[in-house]
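Novice: As a plain string of letters, each chain reads:
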Amino acid sequence: MAKDDNGAEDVTAAADSPGAQLATSAASTAVVTPDALVNPGFPPHRPRITDLDHKEERKAERTVYTLFYVSIVGSVFAIAAYMAFPIVAEDPGSVRLNNLFIGIGLSLALLAIGIGAVHWGKALMSDHEGVDERHPVRGTEPVRARAVEIFQQANEESGFGRRTLIRNSLIGALVVFPLPAVVLFRGLGPMDQDPVALLGETMWKKGVRLTMDPSGTPIKASDVTLGSSFHVIPEGLSEMEHGRLEEKAKAAVLLIRMDPADLVEEEDRKSWSYDGIVAYSKICTHVGCPVALYEQHTHHLLCPCHQSQFDVENHCKVIFGPAKRALPQLPIAVDAEGYLIAQSDFTEPVGPSFWERA
Amino acid sequence: MTTLTTRESAEDQAVGAKKTGGFTAAAANYIDERTSISGAVKELGRKIFPDHWSFLLGEVALYSFVIILLSGSFLTFFFQASMAEVIYDGSYAPLKGIPMSAAMSSTMDISFDIRGGLLMRQVHHWAALLFVASIGLHMLRIYFTGAFRKPRELNWVIGFVLFILAMAEGFTGYSLPDDLLSGNGLRIIDGLIKGIPVAGTWVSFLLFGGEFPGTDIVGRLYSLHILLLPAIIVALIAMHLLFVVVHKHTQYPAAGHTNQNVVGYPVLPVYAAKAGGFFFIVFGVVMLIASFFTINPIWNYGPYDPSPVSAGTQPDWYIGFADGAMRLIPTGWEFVWLNHTYSLNIFLVLVVVGLFIVTVMIYPFIEGWITGDKREHHVLDRPRNAPTRTAIGAAGVTFYASLWAAASSDIMATHFHLTMEGVIHTLQATTLLGPFVAFFIAKRVCLALQKKDREIVLHGYESGRIVRLPGGEFVEVHQPVDEYERWKLVSYSDFKPLMLRPNAQGKIGASEKIRAGLSRWFFEDRITPVTQTELNHAHGDHPAEITDK
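Quick mapping for you: the protein sequence lines, in order, are chains A and B.
Sequential numbering from 1 applies to the first sequence in the working numbering.
Sequential numbering from 1001 applies to the second sequence in the working numbering.
Treat the hints as calculated values from the structure; they're not laboratory data.
Each hint should be verified, as a subset may be incorrect.
[What the hints assert, rightly or not] DSS-like cross-link-like pairs, simulated, lysine-lysine; straight-line CA separation at most 27 Å:
#1 B/Lys1451 with B/Lys1496
#2 A/Lys220 with A/Lys270
#3 B/Lys1443 with A/Lys122
#4 B/Lys1507 with B/Lys1451
#5 B/Lys1488 with A/Lys122
#6 A/Lys122 with B/Lys1042
#7 A/Lys122 with B/Lys1047
#8 A/Lys220 with A/Lys206
[What the hints assert, rightly or not] Here chain B is said to cover these stretches of chain A; the calculated rule only asks that three of the stretch's residues, wherever they fall, bring their Cβ under 8 Å from a Cβ of chain B:
#9 132 to 144
#10 201 to 209
#11 217 to 231
#12 274 to 282
Just so it is clear, CB atoms sit at the ideal spot from N, CA and C, and this is done for glycine as well.
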């Protein structure tokens, strides 16, 4: 360090900091020992090789300007790549080449500038460190006094403290004036809908056929072989113009055929299945992901989002994971033509829990 | 105010510029006469910034934000934030003819029909991942070196808010393409919000503009993503940097470094060259990654549909801790009371994660209250010299890491052939017990390192040279450290546990009792810095000790 005008006098960093007098007050538990070692000041400056050896300096200079030229080459390469590697329709490989070569050109352009500038700074620019003095962050006493004075004067001249009626009514007005803005946000959701009612109903109702997702082909009970599972939507959903995804987010169903002997069914729900075919809501009762993974030999359903597992043998009760409620069951039957139909809507809201659900 | 150590000062350069005259001088004069910018140059031009690799973490965060702004602006020219249904008719054959939202379709076009579009998308996404990561690492650096102490507590809070906003930016951006993966992310958000007592159902209803998923959410998130959140982030970054200028940068303990100075390189020219160059390096590295590595291949996922989902889906890394926390809740934590549903399996996650991050935010004030230390601190702590703080940090990192790992519980189970349940149970244990273990280990390691430092200061370091004394005794030569190296080992703040004393009324308040308890927990085990007397004794008391003089 060429110049060190305060290093040598300083004791520990903490002991002499602004506000040090407070350190010994009862409030602080800092230990300030008078016996601390003394800061030895800056160690002697060590010159770099580029300071000592003129050849090294020249070499560093060459490196820096070469890098900057390389950057220009990179930029030109990127422009050339833009033209030389066009995207050809329906050829994903061309996208990859376009991405790769423009990217390489730009990377080169950027990295060469960066490395060149840093090398310039480190090897060639003066490496003598400088020292700035610090001052307490708080304003100086006269400045603080003046600030207080200004506020007092403003208070005096406005009567802000004296005319309390004006002041308090102003505060009141300021508190109330944003409220209309809050009310305006009611318009974020449709005025004529009640979320609680909507959450309690789906497209399923008596006689609606179970159809394949996404084709919408009705499913015959005889086509559902033992051990197979189908992703199901209600008939008519795939032709919907509006609100298709909203309905699907509630009505998606998983259809599984099991050996009736494996099914443990409650007395009042025995009629909800048909010959070992059961239909359950596909929407997880935790936070609503589709419970799409069916493990055939254990008859377990797994939600890939948070790993809740449901036991199909046992009315899809939760056997592991953060979900609490079983997947709602869709009561099904078979119509005259042998197609699977719903007996009714779900008997409880599907999907994640909500405050008004119970 | 700047003490310059180099030969030429700013004034000399100014004079030099005048002498040469010409266009530069005339232009400078023109601008100064209209902006008074010479004052700013005088104040900031030779401002000193200390050098250390760990100071670059914040720079990476800043630069990746600039990269995000640049690449993001490009994307806005092509992206359509609309959920109107269109039939995809772009270059990617497998999705041709499939109905999807305009948002997804335009993102596909950016990827497959606009030259360099995929590159910009990938630059944007990679830079966003880097942005949050570098903020996180920057915060860890600040924490473990005690840089949050007075006068920088408020800047810590600003930085914390930036971290939260960065995650919000990440999530809103992630949701925009309206692909299957992001749609499932929104579905989870919808479920989370619905789990909030009292207001949840309506908040979700308003946010999505009706029933999930609705046709509004992408447009709304887009406003947040490109307007509101960036504006707040830019304003807070400006404040954050303004405070860095006001406080001046902290520095590590080293010979010559004091609490009254800042030692380093001046902005012009060295710091400008290095920091400016570093921006290009960060940009170049992000560009390189984006050229070679695919991120968020939405064409593999397809458009959002509430029914399908693929196994092994992962959120972007920074959301992992929240997603993992949701997986760790045991089965059945939901109950019905007074005809309302209390979803603890959801709400508790929000509360615990919320408490955790709020604790992070207010930590500087907690520690300041315990120590009662009202001094300014500009010289950083080496982590070992604040053992309890470092141990708390290690505990926090362990807690976070356990939650984060839980977000990949299924991937771990399938990759390492473990049971799904076993992984979750293990992570439940590490989440609850791991922090205590980490605290204990980190604290003991810190104290051991402090003892080692004392040993080195008092008796030198082991040189590995064995010498036989005339009497036949073998001793190892201890090499003394030089005074500059020694200063690094002995210059740290020392605290002792708070001694409870009655106040003027002869009473001890409850808060003082809590404070004393915490203070004891913090500073009970302490290794004091070596004093001059001890050093003198060490040299005097060990005549047999051979030093290699």
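Novice: Confirm or reject each hint.
Specialist: Evaluated hints:
| no. | hint | in the structure |
| --- | --- | --- |
| 1 | B/Lys1451 with B/Lys1496 | 17 Å, holds |
| 2 | A/Lys220 with A/Lys270 | 20 Å, holds |
| 3 | B/Lys1443 with A/Lys122 | 38 Å, violated |
| 4 | B/Lys1507 with B/Lys1451 | 38 Å, violated |
| 5 | B/Lys1488 with A/Lys122 | 24 Å, holds |
| 6 | A/Lys122 with B/Lys1042 | 23 Å, holds |
| 7 | A/Lys122 with B/Lys1047 | 18 Å, holds |
| 8 | A/Lys220 with A/Lys206 | 17 Å, holds |
| 9 | 132 to 144 | holds (count 6) |
| 10 | 201 to 209 | violated (count 0) |
| 11 | 217 to 231 | violated (count 1) |
| 12 | 274 to 282 | violated (count 1) |
Of the numbered hints stated above, those contradicted by the structure are hints 3, 4, 10, 11, 12, listed in ascending order.
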